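Asker: Line order of the protein sequences matches chains A and B. Here the first sequence stands for residues 1 to 132, numbered as in this note's numbering. Here the second sequence stands for residues 133 to 784, numbered as in this note's numbering.
No wet-lab data here; the hints were simulated from the structure. Here the structure is a predicted model, which means the values were calculated and not measured. Heads up, the beta-carbon is just placed ideally off N, CA and C, and yes, glycines get one too. Check each hint, because a few of them may be wrong.
With a straight-line cut-off of 25 Å between C-alpha atoms, the simulated DSS-like cross-links for lysine-lysine are [unchecked claim]:
no.: 1; chain 1: B; residue 1: LYS440; chain 2: B; residue 2: LYS415
no.: 2; chain 1: B; residue 1: LYS349; chain 2: A; residue 2: LYS31
no.: 3; chain 1: B; residue 1: LYS440; chain 2: A; residue 2: LYS31
no.: 4; chain 1: A; residue 1: LYS29; chain 2: B; residue 2: LYS163
no.: 5; chain 1: A; residue 1: LYS31; chain 2: B; residue 2: LYS415
Computed Cβ-Cβ distance ranges for the label pairs, DEER-style [said to hold, decoys possible]:
no.: 6; chain 1: B; residue 1: VAL154; chain 2: A; residue 2: VAL131; range: 40 to 50 Å
no.: 7; chain 1: A; residue 1: VAL104; chain 2: B; residue 2: SER134; range: 42 to 52 Å
no.: 8; chain 1: B; residue 1: GLU352; chain 2: A; residue 2: VAL104; range: 20 to 30 Å
no.: 9; chain 1: A; residue 1: VAL131; chain 2: B; residue 2: SER339; range: 23 to 33 Å
no.: 10; chain 1: A; residue 1: ASN76; chain 2: B; residue 2: VAL154; range: 45 to 55 Å
no.: 11; chain 1: B; residue 1: ARG772; chain 2: A; residue 2: GLY127; range: 53 to 63 Å
no.: 12; chain 1: B; residue 1: VAL154; chain 2: A; residue 2: VAL104; range: 22 to 32 Å
no.: 13; chain 1: B; residue 1: ASP260; chain 2: A; residue 2: SER87; range: 22 to 32 Å
no.: 14; chain 1: A; residue 1: ARG117; chain 2: B; residue 2: ASP356; range: 39 to 49 Å
no.: 15; chain 1: B; residue 1: LEU598; chain 2: A; residue 2: ARG117; range: 33 to 43 Å
no.: 16; chain 1: A; residue 1: GLY61; chain 2: B; residue 2: ARG286; range: 52 to 62 Å
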Amino acid sequence: MGLQSKYLSLNPELCTGCGICELVCSFTKFKVFNPRLSLVKIEYDYENYRVERATLCIQCGECSKVCPTSALHRDNGVILLDHSLCSRCLACVSACPTNAIVVVDGTPYKCDLCGGRPLCVRYCVRGALHVS
Amino acid sequence: MSLKGYAGKILYVDLSKEKHWVEPLREHVAKSYVGGSGLAAYLLWNLTDEKTDPLGPENPLIVATGPATGALAPSSGRFMIAAKSPLTGIWGESHAGGFFGPQLKYAGYDALVVLGRAERPVSIVIDDSSVMIYRSDDLWGMNTRDTTNELRSRFGKDYHVMCIGPAGERLVKFAAVMVDYYRAAGRTGMGAVMGSKNLKAIAVRGSGGVEVHDPDKYFEVMEDILWRNTEGPWALPAQMSLGRYGTPNLVTVINAIGRLPTKNHWTGYWEEADKISGNELLKYRVSRGSCFSCMIMCKHVTRVGDGKYEGAFSGGPEYETLVALGSNLLISDLKAIIYMNQLCNLYGLDTISTGKVLSYVYECYERGILTKEDLDGVEAVWGSDEAAVKLINAIASRKGIGDVLAEGVARAAEIIGRGSEVYALHVKKLEVSAQDPRAHKSVGCTWAISVRGADHLRSLTTVDELGYRDVAAERYGPDKVDYVCDVLSEKYKGYIVKDQEDLFALVDSVIMCKYGTMWPPMYYFDFIAKLLYPLTGIKEFGDVKYLRLTAERIANLKRCYNLREGVGKESEVLPRRFTHEPMPTGPAKGQVCNLEPMLREYYESRGWDYESGLPYEETLEGLGLEYVADVLKRKYRLPRMGHGCSKTSRGT
Numbered sequence: 001m002g003l004q005s006k007y008l009s010l011n012p013e014l015c016t017g018c019g020i021c022e023l024v025c026s027f028t029k030f031k032v033f034n035p036r037l038s039l040v041k042i043e044y045d046y047e048n049y050r051v052e053r054a055t056l057c058i059q060c061g062e063c064s065k066v067c068p069t070s071a072l073h074r075d076n077g078v079i080l081l082d083h084s085l086c087s088r089c090l091a092c093v094s095a096c097p098t099n100a101i102v103v104v105d106g107t108p109y110k111c112d113l114c115g116g117r118p119l120c121v122r123y124c125v126r127g128a129l130h131v132s
Numbered sequence: 133m134s135l136k137g138y139a140g141k142i143l144y145v146d147l148s149k150e151k152h153w154v155e156p157l158r159e160h161v162a163k164s165y166v167g168g169s170g171l172a173a174y175l176l177w178n179l180t181d182e183k184t185d186p187l188g189p190e191n192p193l194i195v196a197t198g199p200a201t202g203a204l205a206p207s208s209g210r211f212m213i214a215a216k217s218p219l220t221g222i223w224g225e226s227h228a229g230g231f232f233g234p235q236l237k238y239a240g241y242d243a244l245v246v247l248g249r250a251e252r253p254v255s256i257v258i259d260d261s262s263v264m265i266y267r268s269d270d271l272w273g274m275n276t277r278d279t280t281n282e283l284r285s286r287f288g289k290d291y292h293v294m295c296i297g298p299a300g301e302r303l304v305k306f307a308a309v310m311v312d313y314y315r316a317a318g319r320t321g322m323g324a325v326m327g328s329k330n331l332k333a334i335a336v337r338g339s340g341g342v343e344v345h346d347p348d349k350y351f352e353v354m355e356d357i358l359w360r361n362t363e364g365p366w367a368l369p370a371q372m373s374l375g376r377y378g379t380p381n382l383v384t385v386i387n388a389i390g391r392l393p394t395k396n397h398w399t400g401y402w403e404e405a406d407k408i409s410g411n412e413l414l415k416y417r418v419s420r421g422s423c424f425s426c427m428i429m430c431k432h433v434t435r436v437g438d439g440k441y442e443g444a445f446s447g448g449p450e451y452e453t454l455v456a457l458g459s460n461l462l463i464s465d466l467k468a469i470i471y472m473n474q475l476c477n478l479y480g481l482d483t484i485s486t487g488k489v490l491s492y493v494y495e496c497y498e499r500g501i502l503t504k505e506d507l508d509g510v511e512a513v514w515g516s517d518e519a520a521v522k523l524i525n526a527i528a529s530r531k532g533i534g535d536v537l538a539e540g541v542a543r544a545a546e547i548i549g550r551g552s553e554v555y556a557l558h559v560k561k562l563e564v565s566a567q568d569p570r571a572h573k574s575v576g577c578t579w580a581i582s583v584r585g586a587d588h589l590r591s592l593t594t595v596d597e598l599g600y601r602d603v604a605a606e607r608y609g610p611d612k613v614d615y616v617c618d619v620l621s622e623k624y625k626g627y628i629v630k631d632q633e634d635l636f637a638l639v640d641s642v643i644m645c646k647y648g649t650m651w652p653p654m655y656y657f658d659f660i661a662k663l664l665y666p667l668t669g670i671k672e673f674g675d676v677k678y679l680r681l682t683a684e685r686i687a688n689l690k691r692c693y694n695l696r697e698g699v700g701k702e703s704e705v706l707p708r709r710f711t712h713e714p715m716p717t718g719p720a721k722g723q724v725c726n727l728e729p730m731l732r733e734y735y736e737s738r739g740w741d742y743e744s745g746l747p748y749e750e751t752l753e754g755l756g757l758e759y760v761a762d763v764l765k766r767k768y769r770l771p772r773m774g775h776g777c778s779k780t781s782r783g784t
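From just these sequences and the hints, can you work out the full model?
Answerer: Structure, rendered in structure tokens:
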């Protein structure tokens, strides 16, 4: 129990590139609508209407392995970042295999699945984003 | 500025002086005109006058977003472009979806105002506070897809691009501005205004965000938006029609009520409509897409896999295009329509105006007014896609007869003469859109009073068209429902058109999409009030009465803009076809449109004097438009209420 990871995944066939997941994420985490701050990132090809690349945290735990202050830890399958312990060394950013950690003003942020009910999934009307 | 929801800045770029600067968006301007279309109306009123040449350097090109842009409001990926129109000579305005608008806002600007004229072709490249006037001689002549690709490969794939094609460069009067490849700011020739400035493109990316006044309250609004789009009464209808088929779904729906423009609007019913239906188009669909921040997601790209148009690929065609280049020309070959749609997009041509110019030519050809010789060898027989393609090429290159047709249908008919004027279907020189006032009476009023000419997006009502009795009862009172919902009755249509014009004036300023506000009628003034206050912190915006007044202010200002140009009630007439030729076939057979009673109602509810066609001075004063009244008084004697004129009742 607790070791099995849960993570976001995307069905590219259903994604229309509307960007709502990014808006909801930045608003939830930073109280501002700004896709650049989003912890989910979808690059979309607007000429051919298809997903080019999705950058999503797969909760693999590589970041927690390199964290010198144990600010990153697994909790119920999700890697959480405790900012009170974070030394802002950004080792986690280098360790992340999917480039899913976002740095804002020198502080790293990562997807925490919104405590188990990710809002990006809730607001993805077509159900392209889901939790695996 | 302390206002939230806004970027708080307007970027000015002067192409003549090769300079740019930023001015703050003043709080009183935001409060009075909201943004988008309202803000543009305020700016254009101040920056132009009746002497301004639409294609002269003195005509500014205004690119504006609204407070909702980029802030997860419903279908709020849109922005708008305004200038004095080279096609109509009056208020010019066109909107587009896509992703460009939000990027402009994230770059830090509520609006961009382009002044002057560059000596050589240029583009404007904006990356937050960095603004570059970029030499673009090598882009001049390129189609809109190649231009977009070039700029994105040179500056970065995260740039979003609005640009013109060869049609805009050659000042075709109905040239479109193409946005993010396939979204068209099509109407009123904004592409020609860009061309006149030697401005090929604007590319933008932004790293900033939109802040919200009351995040907790705003989150409640977001939850409401989500509910309306997933569980609310309109959620399923929107997904099954607009979501599944996009606007092409309308083809069969509209044909069923006998309003599908066919053969240059000769009739409103076409036996072959099924061949160009939304269902049929699914066979060519490659993928479904959406604009930024939209839960309806009505966009699609199509490709032709075989035949003489093999390889044709573009966003759309939308309903208006399927009609303009399809039923309107009796062309039932979807492959040809997909190809022509792509052609118009690449050249940067408004498909609506293009289609209506073509159908004018076809009708003149049928009637012997125009011959094969006049048309440089083109045989413009109904149903000929070959002729249509040739004429589109001629218009975009302004070659031969194309040079005349590129002036728009009104001017072309003036030049060609020989009685052809009656087949040139326009109001105020803007070619008519894909409705018919004989089958949907309120459309007559909508077209006539529309500030940019015959078009469906300033005030089209759907409660009467589709008979939404509960919506009609809620908005206009239970006593009016029977008349309002009778699509063939003129009664109360002046009132509801005024009400819808106000709603759209606001929607176009906020800026939200017509989908969700026109159809389905999911969002009304009360929702916009709920949205705007927690977003902006402007307390007045939370008051529906204030919002309605603001909407009226914007609607009145635009009407007054046209009055200053000398274009008023005498131009609020319909082409003879809709008032004198009874609908020959289909469900609306025998109908004509009787405009006058609707216009009277409209003027009364607008607070304008029907006899003189002018606003009462009190109306303008009540809206804080004294400065507008002062200018108009130099030209007109504005009537005052209570001088033998009936007192007006405001609102509906």
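Asker: What hint numbers does the structure not satisfy?
Answerer: Result: hints 3, 4, 5, 7, 14 and 16 break, sorted rising.
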